[in-house]
Amino acid sequence: MIVLFSPSEGKFFLDYKTKTKCCLDFQSFTFLGSNKELREQIIRQYMDFLKTAQESEILELFGYKEIDLDVLKLSQNLLDSPVIEAIRLYSGVAYEYLDFENQMKDIQNLLLERVVIFSNLFGPLKGGDFIPYYRLQQGKFIGNLKEYYAQFAEELDNWCEKEDILDLRADFYKKLYQPKGKIYCPVFYKNGKKLSHYAKAYRGYFLHLVARKFLVTSAKGWDLLSFEIPGVRQKGVNEKEGVILIDYEIEQE
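Numbering (our numbering), first residue to last: 1 to 253.
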């Protein structure tokens with residue numbers, strides 16, 4: 001099973017005393033794209049923008065009300081910054097509930113290998129691809145993001161075509177790439193209303209539980225249809241445009 005996951009705005013600051021290495025290697029990424037120079041071009045455009053843009057423009061890109069100089073310095077110097085596995089870098093709500101560091105080692109290794117994260121800046125990343133700290137507000141990007149992702153489509157298809165897909169991405173990232181094959185997508189509701197922002201926590205927790213049961217045992221996607229989550233009731237399954245939607249109702253606070 002392959003898991004598709006969203007990035008997060010929140011990230012851990014990195015230094016050379018943590019589980020990092022130096023430095024960014026563009027040839028080390030799992031998905032290189034049909035234009036193997038484009039990722040580096042995007043990164044350089046991002047850094048150049050941060051060195052030349054007006055403060056108001058940087059604040060808009062970062063989603064900040066005032067400049068954090070530490071964040072700005074790191075983001076301006078991505079080529080010389082320490083790097084860490086992508087799944088360890090992100091610190092948002094979904095990643096808190098995934099709780100990667102407290103998974104068993106064999107499960108961690110599977111998450112590094114089987115999770116694909118859809119970054120606005122770096123493109124598609126395996127959980128184990130090494131990237132530096134950067135700042136980018138959700139929904140912001142450099143250039144045309146859909147065209148950027150289009151050049152990775154063939155590689156992503158080859159990676160996903162023989163596997164069941166668990167799609168835990170936010171809707172924004174689903175528009176960038178639609179995998180082929182069997183796709184399973186949990187949808188979370190509370191009091192009959194579809195969750196948006198708060199769904200991040202449940203997506204992370206869902207992956208936390210799925211990693212323990214499915215990635216280790218190589219279970220198939222259809223087993224998700226009978227998968228139970230504490231405090232959550234499955235209320236229905238339907239198929240839409242080739243995607244199997246599993247609806248869950250949150251029963252606890």
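There's no promise every hint is true.
27 Å max Cα-Cα, derived DSS-like pairs, lysine-lysine [said to hold, decoys possible]:
#, residue 1, residue 2
1, 162, 193
2, 146, 36
3, 193, 126
4, 105, 146
5, 140, 235
6, 190, 174
7, 190, 240
8, 146, 240
9, 105, 65
10, 73, 174
11, 105, 213
12, 36, 162
13, 235, 180
14, 194, 174
If you're looking for bench data, these hints aren't it; they were derived computationally from the structure.
What hint numbers does the structure not satisfy? Numbers 1, 3, 4, 5, 9 and 10 - these are the hints that the structure violates, sorted from lowest upward.
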